[in-house]
Amino acid sequence: MNFSNNRITELYAKKLAGEASETELQELQEHLRSNPDEQYFQEIFSNWWDSRQTPGTVTNTSQDEHFQYIIQQSAYNANEDAAPVINIRKRRRWVSIAAAAVLVGAISFGAWKFSPVKKTETAAAKQLQENEIVAKRGTKSKLLLPDGTQVWLNSDSKLIYNSSFDDTLREVTLDGEAYFDVVKDPKRPFIVHTSGINIRVLGTAFNVKSYAQEATIEATLVHGLIEVEKTNEPKSSRIILHPNEKLIFSKPISKVAAKEPDKESSLTAAGGKELKPQLISINPLPRNSTDSNRIETSWVYGKLLFEGDSFRDLALKMERWFNVKISFKNNKVSNYRFGGVFENENIEEALNYLQMVHAFHYSIKGNDVVIDKK
Amino acid sequence: MSFSTADKKDDLQHLKIRVAEGDEPAFRKLFDLFFAHLTQFAFSLVKSKEAAIELVDEVFIRIWNNRTTILVIENMKVYLYKATKNAALNYLSRKAEKQIHEPFDDIQIQLKDEHNPESLMITNEILIKIHEAVDALPPRCKMIFKLIREDGLKYKEVADILNISVKTVDAQMVIAVGQIKEKLKGHLHMPSRKNFQKN
Chain A
1 MNFSNNRITE
11 LYAKKLAGEA
21 SETELQELQE
31 HLRSNPDEQY
41 FQEIFSNWWD
51 SRQTPGTVTN
61 TSQDEHFQYI
71 IQQSAYNANE
81 DAAPVINIRK
91 RRRWVSIAAA
101 AVLVGAISFG
111 AWKFSPVKKT
121 ETAAAKQLQE
131 NEIVAKRGTK
141 SKLLLPDGTQ
151 VWLNSDSKLI
161 YNSSFDDTLR
171 EVTLDGEAYF
181 DVVKDPKRPF
191 IVHTSGINIR
201 VLGTAFNVKS
211 YAQEATIEAT
221 LVHGLIEVEK
231 TNEPKSSRII
241 LHPNEKLIFS
251 KPISKVAAKE
261 PDKESSLTAA
271 GGKELKPQLI
281 SINPLPRNST
291 DSNRIETSWV
301 YGKLLFEGDS
311 FRDLALKMER
321 WFNVKISFKN
331 NKVSNYRFGG
341 VFENENIEEA
351 LNYLQMVHAF
361 HYSIKGNDVV
371 IDKK
Chain B
1 MSFSTADKKD
11 DLQHLKIRVA
21 EGDEPAFRKL
31 FDLFFAHLTQ
41 FAFSLVKSKE
51 AAIELVDEVF
61 IRIWNNRTTI
71 LVIENMKVYL
81 YKATKNAALN
91 YLSRKAEKQI
101 HEPFDDIQIQ
111 LKDEHNPESL
121 MITNEILIKI
131 HEAVDALPPR
141 CKMIFKLIRE
151 DGLKYKEVAD
161 ILNISVKTVD
171 AQMVIAVGQI
181 KEKLKGHLHM
191 PSRKNFQKN
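Note that the protein sequences, when read in sequence, are chains A and B. Residue numbers for the first sequence follow this note's numbering, beginning at 1 and rising by one. Residue numbers for the second sequence follow this note's numbering, beginning at 1 and rising by one.
Just so you know, the hints here were simulated from the structure itself, not pulled from any lab data. Backbone N, C-alpha and C define an ideal beta-carbon position, used for all residues, glycine too. Careful: at least some of the hints might be erroneous.
[Unchecked claim] Computed footprint of chain A on chain B; a stretch qualifies when at least three of its residues, placed anywhere within it, have a C-beta under 8 angstroms from a C-beta of chain A:
1. 61-71
2. 166-180
[Claimed, not checked] Here are a few chain B residues that sit away from chain A, every Cβ distance over 12 angstroms (derived from the structure):
3. D11
4. L12
5. Q13
6. L15
7. A36
8. V56
9. N90
10. L92
11. T123
12. P138
13. P139
14. I144
15. G152
16. V158
17. H187
[Said to hold, decoys possible] Calculated Cβ distances over 10 angstroms to all of chain B for the following chain A residues:
18. G18
19. E19
20. E22
21. Q26
22. D37
23. I191
24. P252
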């Protein structure tokens with residue numbers, strides 16, 4: 001057999017792929033006439049090639065159910081179009097965040113990613129399937145829990161609930177920041193667990209911020225009533241929070257998880273100086289502000305609000321918001337204070353705005369932002 | 001099988017416009033057209049059915065979420081494969097805790113298990129030899145071969161999806177078919193004409 005003829009192979013491969021032109025097919029035909037072995041190989045191989053099957057349904061769930069699942073997981077779907085008028089403003093705002101995120105997505109692929117519910121079975125509780133929803137850095141998620149409760153998950157946050165959620169109790173575990181609009185059900189209290197406090201509600205809207213790297217946990221109540229208790233002394237520490245109040249829980253210093261050594265030192269320093277361990281304080285919110293321009297809830301409306309933050313603190317927020325890594329080469333610059341709001345800006349535009357307030361120099365390489373003095 | 005003819009391409013354009021307008025049945029059609037292919041494609045990289053399905057789900061969820069902006073996508077098919085590929089590479093990078101890039105030199109490419117259809121006029125021995133030969137192809141070569149055979153993609157589409165030139169696709173296909181032919185050598189017993197005539 002003549003196996004050395006590359007030209008025949010090229011023509012034949014093109015024929016298989018449907019890429020061969022009329023003249024190329026003729027040329028192949030010519031070659032084959034004088035090469036019966038090659039012809040025999042091609043007959044056999046073509047037979048195999050054509051036996052390919054279209055991949056069937058790979059899942060056990062029917063395609064219908066699966067498709068419904070995808071529609072459901074999408075934050076902005078047709079059902080919401082039929083929602084009461086009251087919601088429309090909220091929804092539109094939310095959609096505009098999605099549009100903004102697409103712009104960012106063009107730069108860093110995969111922004112505004114909606115992570116589907118991950119099902120992991122634990123050996124200990126086979127029947128309790130854990131559902132984990134993650135919003136990565138630079139992305140946000142909105143989800144609908146089985147009981148109808150709506151949750152907005154901020155960047156770099158994780159929400160976990162198990163399969164018994166709907167039947168008996170409504171318990172979720174939060175790492176990061178989320179805004180909850182809880183469906184009323186007096187029989188089944190809704191409980192949010194964080195690393196330091198538990199929040200028990202009957203039907204209300206509130207924001208919880210509990211990032212592992214930050215020294216405090218915050219719960220802000222928008223309406224309704226919530227009850228807050230410390231994780232480690234649930235009975236004795238119960239506190240009732242009223243609307244427009246914000247609860248701040250300062251973690252024991254050892255509990256502040258720091259991922260980078262440089263952040264560790266700065267956070268420990270801040271925690272040691274300003275915050276007593278395990279301290280709970282309740283602060284009233286300004287009465288005349290609306291949800292969308294309040295620092296605690298503005299993110300739900302696609303705004304990153306900051307008031308007198310040091311550049312170092314603002315950088316932490318920006319890292320999550322824009323999915324970047326910000327480092328300072330100059331200490332003085334990191335202590336600059338800023339107040340303002342980002343809405344649709346990308347990281348570069350945001351930094352340009354900040355430069356109008358204080359002079360500094362920045363460079364962006366991929367996801368790394370380095371900030372230095374002018 | 002292949003949806004790459006000019007007509008089908010127009011179909012995809014129409015489908016894209018309807019999806020952008022929020023037409024759920026159109027989105028369903030897009031889903032039906034590509035879901036199985038993309039899952040298979042993701043599976044060939046991540047080698048876990050659950051992970052593959054999850055990754056492709058994310059791609060579709062993102063499309064439905066951002067549907068008002070999908071008109072800027074030039075070639076929906078290439079986009080879907082690219083998005084799936086990137087998601088799979090990200091997944092593998094996370095799992096390996098290091099960046100995994102193309103070409104797929106470090107990745108085992110897992111092809112679909114094929115059942116021998118009854119219409120096949122090949123002996124079992126030959127079939128096994130073909131499968132072994134395909135499986136032994138270098139990762140990137142195998143991936144290209146797979147996308148063209150199993151997914152019916154054109155050279156240009158494969159080139160766009162894998163960020164390589166059409167020339168490379170052509171060359172890799174020559175390598176693939178050449179290697180398979182080489183491996184089959186000695187196992188193909190061509191019926192001699194004499195015998196053939198006797199019977």
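*Hint by hint, work out which the structure violates, then give me just those numbers in ascending order.*
Violated hints: 7, 8, 9, 11, 14, 15, 16, 17, 18, 19 and 22; rest satisfied.
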